[in-house]
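Asks: Sequence:
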Amino acid sequence: VVVASVEFGLVKGDDDCDFVGLPSLRVKEDWRGRGVGSELLKALVEYVHAVGSPQIRFVWIFERSNDPVVSEACYGAGFERYFLDDGVIYTYDYSEDDKPTGDNSALPVIPDPRRNI
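Counted from 1, the sequence shown has number 110 at position 110 by UniProt numbering; the numbering is strictly sequential.
Don't take each hint at face value.
[To be verified] In silico DSS-like pairs for lysine-lysine, Cα to Cα no more than 25 Å straight-line:
hint : residue 1 : residue 2
1    : Lys99     : Lys42
2    : Lys12     : Lys28
3    : Lys12     : Lys42
4    : Lys99     : Lys28
[Unchecked claim] Quick list of simulated restraints, FRET-style, between CB atoms:
hint : residue 1 : residue 2 : range
5    : Glu29     : Glu96     : 25 to 31 Å
6    : Lys99     : Gly33     : 15 to 21 Å
7    : Ser24     : Ser105    : 33 to 39 Å
8    : Asp97     : Asn66     : 30 to 36 Å
9    : Asp97     : Gly13     : 18 to 24 Å
Hints in this document: simulated from the structure, not taken from any laboratory.
Heads up, the beta-carbon is just placed ideally off N, CA and C, and yes, glycines get one too.
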């Protein structure tokens, strides 16, 4: 049974600064409030660390409606929150001392989701 899902992909940035964008995070209604979304995001952050290249600086999600499911999941997974006039940005930043160690070959590539803001 699938109780949660996250869409993600590598976004090739400028100046050797790539990131992983999350266009969608969903948790089935009867599974909300159990930490499923947070655990899913923690696993994704670890996966990106293992397979992403050192050029990946952060994992990023934009939520236009300030969805409490996304908010709780991001908070529980250690993401920072930044408010905008039309939504909220959540980021998980990799430190200079703990950059991803892979080569990006296992990451799908997606268009830059920031273009939709």
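Asks: Now tell me, hint by hint, if it's right for this structure.
Replies: Do the hints match the structure? See the list:
no. : hint                         : result
1   : Lys99 <-> Lys42              : holds (15 Å)
2   : Lys12 <-> Lys28              : violated (31 Å)
3   : Lys12 <-> Lys42              : holds (22 Å)
4   : Lys99 <-> Lys28              : violated (32 Å)
5   : Glu29 <-> Glu96: 25 to 31 Å  : violated (40 Å)
6   : Lys99 <-> Gly33: 15 to 21 Å  : violated (33 Å)
7   : Ser24 <-> Ser105: 33 to 39 Å : violated (23 Å)
8   : Asp97 <-> Asn66: 30 to 36 Å  : holds (32 Å)
9   : Asp97 <-> Gly13: 18 to 24 Å  : holds (21 Å)
In summary, the numbered hints that this structure violates are 2, 4, 5, 6 and 7.
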